[in-house]
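A.B. asks: Residue strings, one per chain:
Number of protein chains: 6
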Amino acid sequence: MIAVKLSGRIFDDPALVREYATILSSIEESLAIITGGGSTARRYIEAARSIGANNYFLDMIGIEASRLNAWLLVAALGPDVYPRPATSLEEVVTALGYKRRVVVGGLQPGQSTATVAALVAEAVGARMLINCANIDGVYDDDPSKNPNARKIPIVKASQLAAMLRSNALPGTYELADVWSLEVLRRSKIPMYIVDGRTPNHLLKVLREGANPGSLVLPE
Amino acid sequence: MIAVKLSGRIFDDPALVREYATILSSIEESLAIITGGGSTARRYIEAARSIGANNYFLDMIGIEASRLNAWLLVAALGPDVYPRPATSLEEVVTALGYKRRVVVGGLQPGQSTATVAALVAEAVGARMLINCANIDGVYDDDPSKNPNARKIPIVKASQLAAMLRSNALPGTYELADVWSLEVLRRSKIPMYIVDGRTPNHLLKVLREGANPGSLVLPE
Amino acid sequence: MIAVKLSGRIFDDPALVREYATILSSIEESLAIITGGGSTARRYIEAARSIGANNYFLDMIGIEASRLNAWLLVAALGPDVYPRPATSLEEVVTALGYKRRVVVGGLQPGQSTATVAALVAEAVGARMLINCANIDGVYDDDPSKNPNARKIPIVKASQLAAMLRSNALPGTYELADVWSLEVLRRSKIPMYIVDGRTPNHLLKVLREGANPGSLVLPE
Amino acid sequence: MIAVKLSGRIFDDPALVREYATILSSIEESLAIITGGGSTARRYIEAARSIGANNYFLDMIGIEASRLNAWLLVAALGPDVYPRPATSLEEVVTALGYKRRVVVGGLQPGQSTATVAALVAEAVGARMLINCANIDGVYDDDPSKNPNARKIPIVKASQLAAMLRSNALPGTYELADVWSLEVLRRSKIPMYIVDGRTPNHLLKVLREGANPGSLVLPE
Amino acid sequence: MIAVKLSGRIFDDPALVREYATILSSIEESLAIITGGGSTARRYIEAARSIGANNYFLDMIGIEASRLNAWLLVAALGPDVYPRPATSLEEVVTALGYKRRVVVGGLQPGQSTATVAALVAEAVGARMLINCANIDGVYDDDPSKNPNARKIPIVKASQLAAMLRSNALPGTYELADVWSLEVLRRSKIPMYIVDGRTPNHLLKVLREGANPGSLVLPE
Amino acid sequence: MIAVKLSGRIFDDPALVREYATILSSIEESLAIITGGGSTARRYIEAARSIGANNYFLDMIGIEASRLNAWLLVAALGPDVYPRPATSLEEVVTALGYKRRVVVGGLQPGQSTATVAALVAEAVGARMLINCANIDGVYDDDPSKNPNARKIPIVKASQLAAMLRSNALPGTYELADVWSLEVLRRSKIPMYIVDGRTPNHLLKVLREGANPGSLVLPE
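Protein chains in written order, with this note's numbering: chain A, 1 to 219; chain B, 1001 to 1219; chain C, 2001 to 2219; chain D, 3001 to 3219; chain E, 4001 to 4219; chain F, 5001 to 5219.
Be careful, since some hints might not be right.
[Said to hold, decoys possible] With a straight-line Cα cutoff of 20 angstroms, these simulated SDA-like cross-link-like pairs (lysine to any residue) come out:
1. D:K3099 with F:Y5098
2. E:K4099 with E:I4023
3. A:K99 with C:G2097
4. D:K3188 with D:G3125
Everything labelled a hint here was simulated from the structure, so no lab data went into it.
All chains should be built: construct the whole structure from the sequences, respecting the hints.
C.D. replies: What follows is the structure, given as structure tokens:
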């Protein structure tokens, strides 16, 4: 059992979704796939905020947008997938009792899809979580600002949590947050962070045991 | 009881959604509000089609997009609304048993939101359906092509159905389709078609008994 | 995957239901089976109308009656069937993920079970819809009135739709309606209409590739 | 809060259903109404038995038939009723939180609707259960066989249970069974048994405190 | 298909639960497993009664406690079990369509888990019900009071029902009640009563065809 | 609207539950009440851990235990409460549309009931969260170890989060965690922490505007 998180950004490009669908369909092992909300979520949340919606509704709207992305992936994955996005951890676990692939978006307000990914990985007993992110790995500084920022191949979850708390890495909220790291640690699930814009990095991890991005150890 | 259909296009403009929220909140009578899928639906359906999704999934994705619009309106309508989009006619009817306003998007594949609007209006016993459309009324020809096309103030549903069948009016699928007109006729529900880009037309119908667009008689 | 529509009339005769159960159980291919409401639906709808029920309730009662027929078939089909009637397209699709046979009655007000059959066929990706009807095929005139009416072996869906619109064929509403034909056309699903009172006609279509009634081409 | 059980036989006669709807609508107090399966249930159960269905399915089919009767009553009761039959005790209790009237048919295999009526009465805290039965009261012998059988105006539940166990009263299964009487006893709910073919007996009990049939004391 | 009832008492001892999990996991045949409420149910019901809760809530609380025990067993049974307690007969039957083991606690107020066990056994078509009870069989008198009470190896359900009615066997309510016996009789399901504190008695029945406790014949 | 969190420990003492029921029933304002899992949760989680259950199941079992406590409170609160524990934020929000009081236990694995309380408070728009805890306030050191530990009357959420991170306060996980504090901050909801063993402290906050424990400012 593998858990795969797809950044919401991937869904801005249908060709990329199709590539992922082809790759995911070629994997023999069972898969729980978590989709982010991406630009649709951001656009709708912004609209809702301009209208005065409270945080509960902002988050519900983001969840609904991530489900729209999940529907797109379900439609692309063909007959061997649970035929709708799951809407609770229990549904993910139940559906994987008879289907090899299940797709799920957000689940609850106050929770990033990074956290959903960790909770899903834990619930289904995944041996690893592959996070196809909007960045190609963990950096020691913000690479969009510091040209000397270096990618860190292997990092402990506890170290990454400390980096996140220090706010040294703006914009990495989507990548992982403190809570998701705690879940991965308590259930000893390693997380690979790979570049979501390069779908075959997913296969590199699975087929070659390579680490094309960063590996977060559950320590 | 009034049923109000909001064109999906309205949701491209948050300011317009806010105006509608203000107007709808000012109406004393109970309201069942149906939201279209708009540009989000079109974009996702197009993406799904390019990936090879079948019609069932294309329609489910359109429904999901219309629910995203419904969430936006729910968030804008504040405490006197059923706090999530209904997902079946039974839920609409049940929710209106204790809340004055309920919002609903699409319901089922193979069905336009125009038809959903007619079915909702029938189920809740609405005395009229106000269709805030992407056009300001019914025309005798396609106004985008024929500058001499004239708006028809009053038209029988049977006449409009004949016009739709003759394909003389391209692009009016969203406005009404044959099935939605049959539902309105069998339950004797008049439909006002008004310009969705001018929210106060809704009030003109309700408060002044005016007909700023076209009135479709259930005959 | 095959979709089979059973006319509600079949359920007036338990022996006929048993024959169908035996035949359907002998088919290897996966099956989505749609049951009509028949005389129970008519009797209850008539009662409800005499009491003053509105169209929403009349249709809900017809749906409930078709589910009673669906229960009867489920009970007759034994262990290889999803053990209750499905109540939504999503449930049909999900249940066929692990069971070879699923039974479903009506789904929503304003919809004939002919339309449900077409929508189900589309959703499950059926390669054909076999309509075990209350008549043995499509006629060029009403055979109950015109002794010279001739059965049409092959007809295009567009032609049949035109015939239905012209009202030349009273009582064929159950057989097919305009909307069901549109669904079949858009998803390219051929429909065989066979005599529901002769269960082995179903096998003739499936096993021999014969056309004992009429074939409606999705054109 | 009052619980009213309507014999399934009542639903064979739409005019009788209409009379009950009028009477029930005139009652100010909150109402939980339980409908039996009647002749539709018997006909379908017989058909299912002839097809070889097991007891689970026979009972599910009887439950579904009682829900069809419940739908008919819901349609007749108009806007002040929960707009669909409840399908669990929890739904009955929840629905009575905002609607004055709720209708429910059978709930579970292995359970008479007499027992459902007692459980519903207990769950909603009814001060009495009025059983509009297929007989006008409790008799000391089978009145269809013994012309000297006498109606018993007041009987203790424990006595009635003993009579039921002795099988002295064939055909009274629908009226009450041992389990339903235990529920009424443990929650101290008196049951009036009145003639279901005479709707105003219901009002006699409620408005005049009369006992036109038999009163079963919860002792 | 086998139905196994586990006395709630078993769940007071985690080591015993683990033993049962090991044994149940070793059985090839499909299993429907019913869990009692045990001491947790008793403690909460007593608390609720002291607070003045009515019988509906007392029973719902007992049901919820039996589900807590069911969760514990689900967690112990590993990947080949439906991953949550079922909450209705329909869910039990549906889940056994793709999982070999399903666990269920109580279902409805007014019903012992002994009755749930009989209904589940009937619904799933079990060839026997093995009742791992809080006693090692049926006795001809209360063994806790009469040292000469003798265990009865084989008893007819009708005899046991008569014994239960005579109140000669206090405290056996959990073992079986009149209603559960009627269900077993009507569906011809034999019930073995074995000592729940000795898990391998379950295997003795299944593997050796032995009768280490009492056998209740469905007559 | 007020949100009230009741420590699971409260449910060890039925008399205390009854006191809380009386107090909560006397409050005019709408209430969302969150119950912890307490000793039942701990006992079952320990049992499950000894059997080898994974974290997903440990948490689900804790959630189920908190729902058992929620049932107890629902039973004690009488007719003005939503008649069962809510099981999702959406159900909480929907139920408060027609009932003045709703009770909810845990919602999802990986989440403390402290976090549930914050999310519920946010979703329902509570003006404050009153946390009836297992301690009488926030201390600057562990009061069970350091007799000189001082209670802090007012503390900023950001300060409390820093204290929690520094692990200076063992055992306060139940009181609040970092995530719950973030939710309170983003939605500007103050939290009063009061001694759960002294129910009238709840009234002191509500009626007198007093601060008998600690006030956590959403800053």
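A.B. asks: All hints are to be evaluated individually against the structure, with a verdict given for each.
C.D. replies: Results for each hint:
1. D:K3099 with F:Y5098: Distance ~10 angstroms between D:K3099 and F:Y5098 Cα, so the pair holds.
2. E:K4099 with E:I4023: holds, 17 angstroms
3. A:K99 with C:G2097: The hint holds at about 7 angstroms.
4. D:K3188 with D:G3125: The hint holds at about 10 angstroms.
Violated hints are absent here; each numbered hint is respected by the structure.
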